[in-house]
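Spelled out from the first residue to the last, the chains are:
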Amino acid sequence: GENVEQHPSTLSVQEGDSAVIKCTYSDSASNYFPWYKQELGKRPQLIIDIRSNVGEKKDQRIAVTLNKTAKHFSLHITETQPEDSAVYFCAASKGDNYGQNFVFGPGTRLSVLP
Amino acid sequence: KAGVTQTPRYLIKTRGQQVTLSCSPISGHRSVSWYQQTPGQGLQFLFEYFSETQRNKGNFPGRFSGRQFSNSRSEMNVSTLELGDSALYLCASSFGPGTYEQYFGPGTRLTVT
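So the sequence lines, in the order shown, correspond to chains A and B. Using my numbering, read the first sequence as starting at 4 and increasing by one per residue. Using my numbering, read the second sequence as starting at 3 and increasing by one per residue.
Isolated chain A, as found in the complex (with noise of 0.2 Å):
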């Protein structure tokens, strides 16, 4: 079945500077790469996706970038705040006319020091 690394697994950055996290997949056939957000408390939330048949994708400060060939995608904020302060999961789907099975990272804690 799918699996999904991710990395780092903690990531603190100063306000402003850019922030990076990677993940990894092993189903080639996975069609489908969410990134979910999730302060303390609250429910994950939807931040960005991206489809296999898109290379890049971008909303105001973060973007996400799909390398099938190497089976990976990462998520890349700039100009970090403090409220960007979360833990971030990335997931891969393999989603068909039958059904949608999402595979989650483990997560990343990101902390934007002020």
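Honestly, the hints are just simulated from the structure, not real lab data. The C-beta atom is built at its ideal place from N, Cα and C for all residues, glycine as well.
Restraint-style ranges between C-beta atoms, simulated for each label pair:
1) A/Glu82 <-> B/Leu85: 43 to 49 Å
2) B/Ser72 <-> A/Asn56: 30 to 36 Å
3) A/Val57 <-> B/Lys15: 43 to 49 Å
Put chain B on the given structure of chain A with help from the hints.
Relative to the frame of chain A, chain B by itself:
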């Protein structure tokens, strides 16, 4: 549009008991997935339902079961509770199978004593 809702939000049960959790998806969403979240194991997939049929199942024992109703609402049941079942149980809904965005509910915090 209202988000995914889950009831109850908190639950305390004793070992050996059973529990039923409920999830109402976003209006128009027909696919519901369930996850177990623990500090040690992260987000673990339990099962996915679409059109009242289980479409995918994670690696959990048969004590964990679920169902989906014709209005897309879903329930999850855990029988013969064990201490290790203490976790946050999250459900998520999406429009349907395929590569659709999935949105999470607030979760049910289950504590087994």
